[in-house]
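Q: So you can see what is in the structure, the chains are spelled out below.
There are 2 protein chains.
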Amino acid sequence: MAPSFVTNGGVAAVKTTPFAGRLASVYSEVQTSRIDHALPVPSVLRSPFKIVDGPASSAAGNPDEIAKLFPNLFGQPSSMLVPNGIDSIGSDQKLKIGVVLSGGQAPGGHNVICGIFDYLQERAPGSTLYGFRGGPAGVMKGKYVELTADYIYPYRNQGGFDMICSGRDKIETPEQFKQAEETAAKLDLDGLVVIGGDDSNTNACLLAENFRSKNLKTRVIGCPKTIDGDLKCKEVPTSFGFDTACKIYAEMIGNVMIDARSTGKYYHFVRLMGRAASHITLECALQTHPNITIIGEEVAAKKLTLKNVTDYMVDVICKRAELGYNYGVILIPEGLIDFIPEVAKIETEKMLIQMVETELEKRKQEGSYKANFKGQSHFFGYEGRCGLPTNFDASYCYALGYGAGALLHSGKTGLISSVGNLCAPVEEWTVGGTALTSMMDVERRHGKLKPVIKKAMVELDGAPFKKFASLREEWAIKNCYISPGPIQFAGPASNAVNHTLLLELGAQA
Amino acid sequence: MAPSFVTNGGVAAVKTTPFAGRLASVYSEVQTSRIDHALPVPSVLRSPFKIVDGPASSAAGNPDEIAKLFPNLFGQPSSMLVPNGIDSIGSDQKLKIGVVLSGGQAPGGHNVICGIFDYLQERAPGSTLYGFRGGPAGVMKGKYVELTADYIYPYRNQGGFDMICSGRDKIETPEQFKQAEETAAKLDLDGLVVIGGDDSNTNACLLAENFRSKNLKTRVIGCPKTIDGDLKCKEVPTSFGFDTACKIYAEMIGNVMIDARSTGKYYHFVRLMGRAASHITLECALQTHPNITIIGEEVAAKKLTLKNVTDYMVDVICKRAELGYNYGVILIPEGLIDFIPEVAKIETEKMLIQMVETELEKRKQEGSYKANFKGQSHFFGYEGRCGLPTNFDASYCYALGYGAGALLHSGKTGLISSVGNLCAPVEEWTVGGTALTSMMDVERRHGKLKPVIKKAMVELDGAPFKKFASLREEWAIKNCYISPGPIQFAGPASNAVNHTLLLELGAQA
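For the protein sequence lines, the chains are A and B, in the order given.
The UniProt record's numbering puts the first residue of the first sequence at 1, with every later residue one more than the last.
The UniProt record's numbering puts the first residue of the second sequence at 1, with every later residue one more than the last.
Do not rely on the hints blindly, as some may be mistaken.
One copy or two, it doesn't matter: identical chains are merged, so the pair holds either way.
Stated by the list, open to error - Okay, derived cross-link-like pairs now, SDA-like style, lysine to any residue, Cα gap no bigger than 25 Å in a straight line:
(1) 374 / 168
(2) 374 / 346
(3) 350 / 377
(4) 374 / 347
(5) 170 / 374
(6) 96 / 78
(7) 370 / 165
(8) 350 / 375
(9) 374 / 165
(10) 478 / 167
(11) 350 / 374
(12) 94 / 122
(13) 143 / 170
(14) 265 / 347
(15) 374 / 276
(16) 374 / 351
(17) 370 / 168
(18) 143 / 324
By construction, these hints were calculated from the structure, which means they are not laboratory data.
The following block holds chain A by itself, in its conformation from the complex (with noise of 0.2 Å):
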């Protein structure tokens, strides 16, 4: 039974409170919406379903030496929902599923655990769920709370990870599989659904590995989750968060685009969030058209100095100058620093700002620059990890935990849950799991092998980057600039998909 909600001068209140925390605080009239919006989901999901197996697979590289470090999982299949005349998945067991949020938050974590719980509640009536508190220090300490119907309501379409919160540790040393067997064994689970990013699910499939090795009854499924964009392959198209996070962000920049036109005498240097990759800045620059973008990436591969990089703005800028324009919008990613050797750990636009302005000082000496630059530094990052989810991502968070739901029922582990065909409507999404083991690789860290999900970084022959980079001439000198607007939840955009994703979807096709 859901809580009842009082209404508080535009505000509603949640009254009954079986925990504090979220429920002891009050609800904005956009969030107390959102909660009992009627999430689409996919229409397999909607049906009896039953799950079908692909072929066997393989790895992302060195599939002799994966094989090696998972002789119980390698080669597993993939899987698939299919609607069925009856379900015909785990009959009629109870199952006790735990959950636990690995790592930096992203919009839509609670979707995952309402949908595995729905899951349990639709299909496999009188389970169990436990969400493991603070992110696997939770599993390993075997600090839960059991996640009921009340519980989860008030956070259903909201951001954040407060229902159980997250953390950044890691279950990966013998002692620490040992600690989350016992409280595998304590709970009785059967299986545990690991919400992370690429290191929280290697190290989910070497948990489901051991479990299996010792025959232990507990599996282990995975979500993908950062706003970094950076975990993806073929099957699993994008990670969750990555559309609410790039939609506020593109936000902001597109006000302080209309803003840099309106006052005409600013250079905004926006850094963004998105640690290693570049996924963040291209996907707001393809929505925002700003004047200078870097991407790290590319700045590797063209084994760019830092002073290519500035030397890159300041004649952009010059340019401008000469057309009248002195204002501008410059996006960095947050990631520079991993590009460029130089740059230590500090605020790079504002290390940028100063570079610029000394070397267009030089080019004032020299003659060839006579306008005045001033900077203004930004930083998009916390405002964006923890918005509310987009229609997207609120869909596509409940299909994987849903999904999550169906795979543990029917026995499978050592799967990341994968929804596909993501530019259709959300009715026509697939829903399945993809072996973890095929998204892996190997690298040599202190001298021992060791599996890794490879970070997707940004390919420079993919489909976004080379429509930004067929675009960004045209996009220094002229003012393209789009305001994106702030992301609704009802009528015109709110249904849209992330540029990047529409991008690549459509060059896979």
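Mind docking chain B on chain A? Use the hints.
A: This is chain B only, laid out in the frame that chain A set:
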């Protein structure tokens, strides 16, 4: 005729471009959907109306001095538009009107211009509207553009000031008045609408007095613009742009709050734009319930030092640490530097993080604080000045502009366009004009008495501050965060009025 739009992958591009700039650019789906949004307007503007004058006015202070400074305008009544059998304004007169944007951007400025334009089209057909480019300098230098239906169409309900751009020059010296006179004569102007803040409206009134004293026909009407919210009085309940800017900042603050609660390890210090007055900070606090909010006016009234402010923050941080909360959100008004003499023009939020760190280190050594403190700094400013105007600001600005047209048409000068009853549905809003001299007082500057519209500061005995003060202790210790979410243009919360306005008008009633 409106230019035709071409749909292009979810993005609509303006095809015919009578002028460069925004028209040559492309629009996002949300921007496009706003252009043709059917704007609700006060019902009085949908019928024939007449203008009714109130009693003679005085001044906000020193009426004798104001009377001396404005011999032709002092004592003017305020005016109100009231429904009438037939339009009784200005008969068949064709008007030549100029409009100018003055100072920093505020969401809705374009709609003021659209309101003036539509008034002229509907009630004084054959009239001409000139837009002065680049702010008051455009008036003095005679830089203008004729605003046609095609020209203004793409700016309807859009953010920014880029239709004609703004500037920070002033028209206040005899030489500058002379230049303005020449432009007015050259264009045969019947009227000029000055869209600006307190200084710009003061100067608009001086210009009106100057024109009147020389028996020139050009009349001047002001419009209350500033996101800072510090231009208001009984008859001008708010300045436009405040609503949108606060909602944009509150969205970001709400996201950061959920991030803080989910991560559990950061204190976010958020500095908010808004110059001297702390209205934006107060409104954002009422919308989001942060743990600590500094109101500049309170700091001034209580003569608090930087050490006092730091200690207050540290006390709350220590109390929260005892409760197990090592995270939080702290709002700091940009104008704090005006109230604490020892604070130089630096990034206040970063300095406060350092001060708090130092003090906490001390308390750690004394044993009264045992947790770890990590500060994250934010400045929310430019992102808010140019957002797409909320439904409130879009309608408010349109009514301000439409009303300004009516005031000029009826021969009024030296008034500020004023729209009231703003907490009621738009249809019930009142439209009229308030004597600018009635908002004035004098200040002695360089030994001379100068007329000023005093900045409306946060009143410590006003309803918004009192509500905040009554709740802040609870907000400090408990986590009562509210996340307003992104601005919606349709559906829940899309027509909400900001808390400050609601409380202030409620208190006046």
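Q: With reference to the structure, classify each hint as holding or not holding.
A: Quick rundown of the hints versus the structure:
no.	hint	verdict
1	374 / 168	between (39 Å within a copy, 16 Å between copies)
2	374 / 346	both (20 Å within a copy, 16 Å between copies)
3	350 / 377	both (6 Å within a copy, 14 Å between copies)
4	374 / 347	both (17 Å within a copy, 17 Å between copies)
5	170 / 374	between (45 Å within a copy, 22 Å between copies)
6	96 / 78	within (24 Å within a copy, 72 Å between copies)
7	370 / 165	between (53 Å within a copy, 22 Å between copies)
8	350 / 375	both (9 Å within a copy, 19 Å between copies)
9	374 / 165	between (41 Å within a copy, 18 Å between copies)
10	478 / 167	between (45 Å within a copy, 22 Å between copies)
11	350 / 374	both (12 Å within a copy, 21 Å between copies)
12	94 / 122	within (12 Å within a copy, 71 Å between copies)
13	143 / 170	within (15 Å within a copy, 65 Å between copies)
14	265 / 347	both (22 Å within a copy, 21 Å between copies)
15	374 / 276	between (28 Å within a copy, 23 Å between copies)
16	374 / 351	both (14 Å within a copy, 23 Å between copies)
17	370 / 168	between (50 Å within a copy, 22 Å between copies)
18	143 / 324	between (62 Å within a copy, 16 Å between copies)
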